[in-house]
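> Here is what each chain is made of, one letter per residue.
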Amino acid sequence: MDKTVPDLAAAVAGIEDGMVLMVGGFGGSGAPIELIHALIDRFKATGSPKNLTVVNNNAGNGRIGIAAMIDAGMVAKIVCSFPRSADPRAFTEKYLAGEIGLELVPQGTLAERIRAGGAGIPAFYTPASFGTDVAKGKPVAEFDGKSYVQERWLKADAALIKAEMADTMGNLTYRKAARNFSPLMAAAAKLTIVQATNIVAPGEIDPEQVVTPGIFVNRVVEVAGAKQEEALMRDGVAYA
Amino acid sequence: MSQKLSNAQIAWRAAQDIADGAYVNLGIGFPEMVAKFQPPGRQAIFHTENGVLNFGEAPPAGEEDWDLINAGKKAITLKPGAAFFHHADSFGMVRGGHLDVAILGTYEVAENGDLANWSTGPKGVPAVGGAMDLVHGAKRVAVITDHVTKDGKPKLVKRCTLPLTGVGCVTRVYSSLAVIDIEGGRFVLREKLPSMSVEELQAVTGAELVLPDMIGDLIAPEV
Numbered sequence: 001m002d003k004t005v006p007d008l009a010a011a012v013a014g015i016e017d018g019m020v021l022m023v024g025g026f027g028g029s030g031a032p033i034e035l036i037h038a039l040i041d042r043f044k045a046t047g048s049p050k051n052l053t054v055v056n057n058n059a060g061n062g063r064i065g066i067a068a069m070i071d072a073g074m075v076a077k078i079v080c081s082f083p084r085s086a087d088p089r090a091f092t093e094k095y096l097a098g099e100i101g102l103e104l105v106p107q108g109t110l111a112e113r114i115r116a117g118g119a120g121i122p123a124f125y126t127p128a129s130f131g132t133d134v135a136k137g138k139p140v141a142e143f144d145g146k147s148y149v150q151e152r153w154l155k156a157d158a159a160l161i162k163a164e165m166a167d168t169m170g171n172l173t174y175r176k177a178a179r180n181f182s183p184l185m186a187a188a189a190k191l192t193i194v195q196a197t198n199i200v201a202p203g204e205i206d207p208e209q210v211v212t213p214g215i216f217v218n219r220v221v222e223v224a225g226a227k228q229e230e231a232l233m234r235d236g237v238a239y240a
Numbered sequence: 241m242s243q244k245l246s247n248a249q250i251a252w253r254a255a256q257d258i259a260d261g262a263y264v265n266l267g268i269g270f271p272e273m274v275a276k277f278q279p280p281g282r283q284a285i286f287h288t289e290n291g292v293l294n295f296g297e298a299p300p301a302g303e304e305d306w307d308l309i310n311a312g313k314k315a316i317t318l319k320p321g322a323a324f325f326h327h328a329d330s331f332g333m334v335r336g337g338h339l340d341v342a343i344l345g346t347y348e349v350a351e352n353g354d355l356a357n358w359s360t361g362p363k364g365v366p367a368v369g370g371a372m373d374l375v376h377g378a379k380r381v382a383v384i385t386d387h388v389t390k391d392g393k394p395k396l397v398k399r400c401t402l403p404l405t406g407v408g409c410v411t412r413v414y415s416s417l418a419v420i421d422i423e424g425g426r427f428v429l430r431e432k433l434p435s436m437s438v439e440e441l442q443a444v445t446g447a448e449l450v451l452p453d454m455i456g457d458l459i460a461p462e463v
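Line order of the protein sequences matches chains A and B.
Heads up, the final residue of the first sequence is numbered 240 in my numbering, and it's a clean run with no missing numbers.
Heads up, the final residue of the second sequence is numbered 463 in my numbering, and it's a clean run with no missing numbers.
No incorrect hints appear here.
In silico DMTMM-like pairs for lysine to aspartate or glutamate, Cα to Cα no more than 20 Å straight-line:
(1) A:LYS176 <-> B:ASP329
(2) A:LYS176 <-> B:GLU297
(3) B:LYS363 <-> A:ASP87
Each pair of labels, with its calculated beta carbon distance range:
(4) B:ALA259 <-> A:LYS77: 40 to 46 Å
(5) B:GLY392 <-> A:ARG234: 38 to 44 Å
(6) A:GLY137 <-> B:PRO320: 45 to 51 Å
(7) B:GLY281 <-> A:GLY98: 55 to 61 Å
Under 10 Å between C-beta atoms, here's a sample of chain B residues computed to sit facing chain A:
(8) SER330
(9) VAL365
(10) ALA367
The hints are simulated quantities; they were obtained by calculation from the structure and are not laboratory data.
For each residue, glycine too, the CB sits at the ideal point set by N, CA and C.
Start from the sequences and build out the full structure, keeping to the hints where you can.
So, in structure tokens, the structure goes:
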């Protein structure tokens, strides 16, 4: 039971055209930049994967990570709560030109839809968005005198996740606030691919410290010294 | 209008109503200022949507850790007793009724408690973030706002005209001119600037003010 793979290219193998791809992180915190860039490398070399639906809280920043995927022309649609950032040009230009789709989801609803996807709950009711434009066309119901909107689960073909520590069985820890959506996405994807700063032998992570159990993880690749989105932005890096 | 509270003074006034030990979410931007004005001897525990409880001020420039940010993607620090958690737990805290107070900014707030603070119309790229979740579940949902728009139109209105963030969700408004509770679908005036008459305040408010027997003076220090 060794889930480690030798390099980033091997890690992102099997992500194909038209897939739904969840990408962990909130802004730069927890963004798996190296996995994303490995996917861009493959697209540049082979023209695939393209027509991806990307699920993330945001829609990219600057010219790196998800923004670079959009720039490269790999993304057909974004599912997110907040497609604005310090430098949202990549998404904004394509969106205003009608070249990329957007499904706008309130942040808590996005998190819960992903959680439900991983937990086998096909639908649930939430108070968020009731009576707003975002709820148009969705079933509503009253419970104990209050109105709620029905939301559906959200699942993915693959997820790209950044962890702090992983063991070879795929048990994960995260650094500070970098976990955000990642534990939910790891459970909601069929193929969960993790870049970890440090990979250790089973038993070296205290079971009480495991945040994402290895059952949700398929592949782990070590990326020591992973780049932070904010540092790349500061250095003016453009990847696409 | 010759006189009104500054944004900092509005934030100061809102901070006076936050109890010691309260769990509080402050919206991105202007509401973040409320944290600076906690009364001495009281300590609120601040929540941020991306999974941190009990965070503190921004670190000095150059000492940012970009894995440690708030919902506005600004670098933060931790106080003793902080906790990390994932996004589903974070919004469980929100919708599950565990927060004592959420304080948000607004474009419009209506006498029935409807809030419009996420979109000014169909132009550009829409973005909602966590606002539609935050207005549900906190025990008190307050807004802090200028009483009127930049061109002098009321922001406190009979019914919102902009796209709604939430229906019937706001319980109190701290404005540059007054403190107003929303009760039974009406604006109930609690405090106003002492230099202003009720008639003057009514003239810049888009729905009728209910006048209780006691109306306090809204006085904030220079901050």
